[in-house]
Each structure stands twice: as C-alpha cells, then as structure tokens.
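There are 2 protein chains.
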Amino acid sequence: MTEQARSTAYRTLDSESLRGPIGDHADVRALLGGRPQDWQVREVGDGNLNLVFIVEGPEGSVCVKQALPYLRAAGPSWPMSPERAFFENAYYSAVAPYVGTLIPKIYHYDAGLYCTVMERLSPHIILRQGLIAGRRYPNLARDIGEYVARACFFTSDLAWPFERKMDGLALFAANKPPVRITVDLIFADPYFASPRNRHTSPQLDEAVAALRRDGPLKAAAARFGQKFLNEPQALVHGDLHSGSVMVTEGDTRVIDPEFAFYGPIGFDLGAFFGNLLLSWYSQPGHATRDDDRLGHGEWILEQASLFWETFRGRFLALWSGHGKGDAFPAALFSAPHDAAALRSAQDAFLDTLFADMLGFAACKMIRRLVGFAHVIDFDSIRDADLRGRCEASALAMARALLTHPEQFRSMAQVIDAIPRMTRRQAAR
Amino acid sequence: MTEQARSTAYRTLDSESLRGPIGDHADVRALLGGRPQDWQVREVGDGNLNLVFIVEGPEGSVCVKQALPYLRAAGPSWPMSPERAFFENAYYSAVAPYVGTLIPKIYHYDAGLYCTVMERLSPHIILRQGLIAGRRYPNLARDIGEYVARACFFTSDLAWPFERKMDGLALFAANKPPVRITVDLIFADPYFASPRNRHTSPQLDEAVAALRRDGPLKAAAARFGQKFLNEPQALVHGDLHSGSVMVTEGDTRVIDPEFAFYGPIGFDLGAFFGNLLLSWYSQPGHATRDDDRLGHGEWILEQASLFWETFRGRFLALWSGHGKGDAFPAALFSAPHDAAALRSAQDAFLDTLFADMLGFAACKMIRRLVGFAHVIDFDSIRDADLRGRCEASALAMARALLTHPEQFRSMAQVIDAIPRMTRRQAAR
Chain A
1 MTEQARSTAY
11 RTLDSESLRG
21 PIGDHADVRA
31 LLGGRPQDWQ
41 VREVGDGNLN
51 LVFIVEGPEG
61 SVCVKQALPY
71 LRAAGPSWPM
81 SPERAFFENA
91 YYSAVAPYVG
101 TLIPKIYHYD
111 AGLYCTVMER
121 LSPHIILRQG
131 LIAGRRYPNL
141 ARDIGEYVAR
151 ACFFTSDLAW
161 PFERKMDGLA
171 LFAANKPPVR
181 ITVDLIFADP
191 YFASPRNRHT
201 SPQLDEAVAA
211 LRRDGPLKAA
221 AARFGQKFLN
231 EPQALVHGDL
241 HSGSVMVTEG
251 DTRVIDPEFA
261 FYGPIGFDLG
271 AFFGNLLLSW
281 YSQPGHATRD
291 DDRLGHGEWI
301 LEQASLFWET
311 FRGRFLALWS
321 GHGKGDAFPA
331 ALFSAPHDAA
341 ALRSAQDAFL
351 DTLFADMLGF
361 AACKMIRRLV
371 GFAHVIDFDS
381 IRDADLRGRC
391 EASALAMARA
401 LLTHPEQFRS
411 MAQVIDAIPR
421 MTRRQAAR
Chain B
1 MTEQARSTAY
11 RTLDSESLRG
21 PIGDHADVRA
31 LLGGRPQDWQ
41 VREVGDGNLN
51 LVFIVEGPEG
61 SVCVKQALPY
71 LRAAGPSWPM
81 SPERAFFENA
91 YYSAVAPYVG
101 TLIPKIYHYD
111 AGLYCTVMER
121 LSPHIILRQG
131 LIAGRRYPNL
141 ARDIGEYVAR
151 ACFFTSDLAW
161 PFERKMDGLA
171 LFAANKPPVR
181 ITVDLIFADP
191 YFASPRNRHT
201 SPQLDEAVAA
211 LRRDGPLKAA
221 AARFGQKFLN
231 EPQALVHGDL
241 HSGSVMVTEG
251 DTRVIDPEFA
261 FYGPIGFDLG
271 AFFGNLLLSW
281 YSQPGHATRD
291 DDRLGHGEWI
301 LEQASLFWET
311 FRGRFLALWS
321 GHGKGDAFPA
331 ALFSAPHDAA
341 ALRSAQDAFL
351 DTLFADMLGF
361 AACKMIRRLV
371 GFAHVIDFDS
381 IRDADLRGRC
391 EASALAMARA
401 LLTHPEQFRS
411 MAQVIDAIPR
421 MTRRQAAR
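So the sequence lines, in the order shown, correspond to chains A and B. Counting from 1, position 19 in the first sequence corresponds to residue 19 in our numbering; the numbering is continuous, with no gaps. Counting from 1, position 301 in the second sequence corresponds to residue 301 in our numbering; the numbering is continuous, with no gaps.
By construction, these hints were calculated from the structure, which means they are not laboratory data. These numbers were taken from a predicted model, which means no experiment stands behind them. What you were told as hints is all true, and nothing was included just to trick you.
For chains that are exact copies, the list does not tell them apart, and a pair is met inside one copy or across any two.
Simulated crosslink set (DSS-like; lysine-lysine; CA at most 30 Å straight-line): (1) K176 / K227; (2) K176 / K105; (3) K324 / K227; (4) K324 / K105.
Modelling step: build the complete structure from the supplied sequences, incorporating the hints.
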C-alpha cells in the first residue's frame, strides 16, 4: 500500500496498526532496523490530548505522536479537532532554523493521520517529574531563556519585514480549538463557579470563594485574557509549562507546541516562570526525612531568575544584531546620537515583557490550583491538608502578582516576596 | 457577453469600456435607465490609488470605483496589487450590519475587474474640501464617533467569541500592500532622509532636521509603528482621514476602506482626530479679509473633542449592552459587587485608546507635513511663508503629543494646549 493511500483516512492508531504507516518510511525503517512486525511498541502518553508511542527496533527507536479527535482527559464527550498536529509541525518548522537542538528532530508528519514521527528523547524525562523528584538541571534555565528569546525574536516584526509575520498570522489563526481551551480554561472558568473546576476541598474553599469575589483580581485576569487574544507579537508555543520540556542533566528539549499561535511573548515566558513557581510552592509536599527540600526550593527560585535574565539578555542581543524588521526600523536609529533613545525604548519593551510574564504566570498558576487541569506537583501530595497549605500559598502569590503589579517591578522583588509571603501566611 | 466572461481579465476601465460590465447588471441598468451608450460617464478620481467614475443615466446615477495596479500618485513605477478592492468590499460587508447609512450602498463588486459599483453620493463633498472652505457639519463629529465605536466594537473580542475575529484576522492578513504603505510612509520615511519625503523648504528645514535628530521622538513614533502591527483589537478602516469622509450638511459617509485590516482602534481614532487638528492648523492660511477663520478653528476643536466624547460614550454603552465576547467575559462580572471593578477596567481601556488616538494622530500629522503624501489643507496655501508657519505649529504639537504624553491625559489638556502652544510659537 502506498503511503498516500494508507494515510487518507484518519483512524486512531494502536500498537499494531501504527506499524504499517510507520514502516512505509524507508528512512524510519532503516533507523529502527528489523521488520515492522518485530518492533516493540508501547503507548506512553500521559498528556491530555494525544496518543504517544515509543517504537523500538534492533537498531534504534522513534517516538510517534498522534492527535486525538477529543480531549483525552475528558474523553470523546469533549471533541477537539486533531488539526492541531498540523500546527505543531508548522510551529516546529518555523522555529527550527533558530532554536537548534532545543526541539526534537522531526522525521515525518502524516497529514491524514495527524501523526508525527520524531526523535525519541532518551533518557530524557519530563521536567515536571524531575522537579518533583528534586533533581537539578544546570543548563535548564539558560536553555529555555535562550529558546524563548530566539523562537520569539525571529518570528516577530523586529527580525523581518512584517509581511512574513502576517503570513504566519493568517496560517495560525486557523488553530482555534487550542486557543479556545486557553481562553476558557485559563482566563474564564477559574474565576467563576464553572462545573469544570475543582480544588482541594474543604481546605481551599474559603480562598477560592474569596478569589471569585475579588473584582479587581478578575479584572486583572480579564485584561491578560484580552492581551492574550490581542497582541500577536511573535509565534508562541502556547503551552510552555514544565510538562512541555524534556530534560537530561545536560540536555533540554521543548515539545508539544500544538497550542502554537501568534500571541504575546509574555505568555510563553509566564507559562515557564509560573510553573517554576508552582514547583517551588509544591516542594514542602515532597519533603522527606532526609531532604526538607529547602535547598531545592532555593535552586528553583535561582532558575526562575536566571531564566528571565537569560531571556532578557539574549533578546536584547538579537535585537541589536538582527533587528532588520519593520518594528523599530534600523533607518531611524542609525546615527550614534540615536543609540540612547533606542536603548531606552528596548529597555521599556523588555519591562513590558517582564510585567506580562508575571501576569500570565499568575493566570497559569491560578488555573492549575482552582481550574479544570491541575498539575501533579500538587496532585501527588497525598496529605490534603499539606497540599492545601502549599496551594493556598501559591494562590496568594498569584493574586498578589495580578492585583499589586507595582510591588513587582524587578526580579529581585519577586524572588524576595515568595518566601516572605509564605512565612507570613504560615504564621497566621 | 455574460458577466462571468466579461470580468475574468483585469483591464483598466475608461469612460467607454466600463459601459459593458456595468450595463450587465440589470438592477444597475434599471437604476440608471436608458441605454448604456447614452449614459454620461466622467472620471473624477482625485485620490492616490483608484479610478473613480460617475455614471449618469436618465433615471439615476452610480459611482464606479476601480483599483489600479499601481499607486496613482506615483504612476506605474510604484506597483500595488488591485486586490485591495476585494478587502474594501470585505470591510464594507463586515461593518455594514452595524453602521447603518454611514457607509454608501454597495450594488456590485466585480472580483475580476477589482471594481465596485456603489451609491453615488450627491451632493456630498469630501470633508477635507468642506473644512478648507470653512463649512460646518453639525452631525459630523457625532456621526464619526458613533461610526468608529460601532465598527470597532462589533469586530472586536468584546462583542463576539474570538473565533470570529480570528477568521477575519486570517482574511485581512492578506491585505499586505496597503499595510506596507502605512508602515513605510507613516512610521518610517518621515523620520529619516528618505528620497520620497518633501516639506516646505527652506521654511521648515530647521524643524525637519531637528525632528530627524530627536531620538526620543523617533522612539515614540517607532513604538506606535510597532503597536500598529501588533494590536489587532478590531477591524479598522486603516485610512480614516478627512479625505475618506463625504458630507452634506446633514449626512456623513465613510468611504475608501481599502487599507482595512485588524489593528489598533486608536489608529482609526487618531486618523480622524489628527486630520481635524491639521485642519485647525491650516486655517490661518485660508483666512480672508471677511473671515479670519478664528471661529471656524474654534468649531473644529469643539468637533475634535465631541468626536472623542461620542466615541467614548458609545463604545462604553455597546460594551455594557452587547459585551458577549471572550474579552472580559460576562460570567466573571455577573455579581453586583463586580460592577465597580469592571467599570474601572473599562475606563482604563478607554484611557489607553485615548492615549493611542493621540499618538497615532501625531504620527499621521507628521507624515502629512514632512513625508511623501501631503494634504491640500496646507498645499493649497500659496504663500510658502504662511504655509510654513502653519505647518511648523502643527509639527510642534505633533512632537509634543509624542514626546510628552503625560501632558495630555485628558481632552481638555489637548484642546487647551493647541492655541496656547501656537501663540507661544508665534511670539518667538
């Protein structure tokens, strides 16, 4: 059967039925070695949206990811177009020239099956798992800071004539179902009594009720929701939390960009930053007799800071070296006496990205604490009282970030406030 | 010949060759009456981009507008796709349900000829001409304020689920050539020694040199240029100056939306506001022995203020009555105690639109004073010294708006500053 004929109709693959379509690719067959019927295949998906298979042959292995036509966490009752697999591949193609080995190698994309054959990352694990296990990754913060800087700068109007971004904007404007999920689950549901929400109860009942009565907080969240839909600064990953990063001690890879669209750069920054903070707040729940996790917490906050500083430095360096786009056109700032004004404008722009990062981080934290989809950083804490205390601290910080942005103008202010506010809350 | 066959190939129409394609439409033939060969046809286009014909028959008349494949003001050496005619029609279709008779009736759009048959507006004249002639239009400011409020609100995420805007975003993202003109001629060329620029010389030489050395001014203009490309808040007209409005004493119509795209609402606000200010600054050049134009100037400033206040009031009323979109979702603010927070967020949003209006107005003023395309408000002032004085005052105000936005937080501050700064400049 030809590849063409085999792929036309969408069908959900399983460990047997994927051997045919995968085996059709001579290069994948060569990479795996042996015969398709002898390959070891196992489904390992633990996310909300896809089937993920590891296929192992005598010579090597690949990862096969297929988009499901519904939200896996909810089952077929929540349909969702598998088209997002197309946009995942379009995102990888768009950023690949700039981010080097920070994404997996893509071998094939099957448009009919919404299925991607890609590099198997091994012995990588999901960053979120590593952080829960108390592991450290010395390159992580710099790698992701560099990643966001490069992926976003080179898909913005700072780097290229605007026509290029407008073409991308038109393409990714069709990736609506993931954006609908973000709009509903991040920027709406957590702030009212949606039946999709859940929280640690009764421990968080009071805090959640207070959150849903907090008009200024809801207005701030709504402003970030509006910003999410109204500032296509760059092609963003759209879901860059610690479950979308795979790591070894020395290697970092960004995966799962199916929520990709043109949006605010701060949304990617905030996803990663906010999930580092969630990890920090969950640490007491993972303490053992041998490890109180205080050192791990300190390390996590250092990484949060290093992530931002790396992003900031790299983004500014790219702007200075590759600013050939229509935004801040080079022709306006070519004389030596213009350098100071440009530098000041660049600093102001980075300040808005910093504020956006904090606001989006707060929104991402809140949705993981009181919304539909939670994170195992907290869910794996068995003791509900302990879990509730961790979550309440995180929730208080997120509220402060949204309602008192004037208190968080620098990274030092943020990093100082986190343990201080938690101590204060514990003393109550 | 069938309509289909006749329209396939693009060709520039003239007073004779348009009779065929127009006459193919039975309803247009009925409206005009008589035989096509007997119709009176004259070309009346005075803009930069199109042929415009008035076709008169014994029963009535229509206007026929055809997009040229080049920039008319520059000639065939500056090619420009006639596709913009398609987007002009797409814009009219998108806003027609909301703006009532503030746009002309569209009878037919011929996709092959990039040609629109529309209502002939008579005895309307171009607003810019009326303002130069010292005429007053009692409904104008309220009509255009209402127009921008309705056209922008109902194409924003405040009114509808975001998917609707994303579809529009994808469509209008293809209207790149007009956006390229805006990006180059408004946000770049005026700020450096582009060969396309001109200004009243030598009278403005010094002011223009100072403008092009002013780093903070250029950074401010560049920020608005970046905003223009990065904030698709609504479907904007894209060129809403006083040459895109036709008026009688009682009727107001918005025409020529071929620059339409999803952009910042402040861009339309600023286009109209900035061109009212340009008209104010040009008034001394049109004074006669019988009319010093001081009264007309006062009336113009009152209209500028009334335009904004109408827009603001109407936009807020639409938000309160029709806010069914994903931005600021109603579910978050349904309790009575949420009303204050929502109102405060609405005021803050309108404040950003006000600041955007002033910034974009300043950019639009500067490009008409020192860039490629000027306005007849000034060009028709024969005395170059007088013209230069008028233009220098306008230029000084535009620079102040861009570099000292903190001095212009309210309409009263703007309206007070205009004559005051001009008196101060005259006293030098």
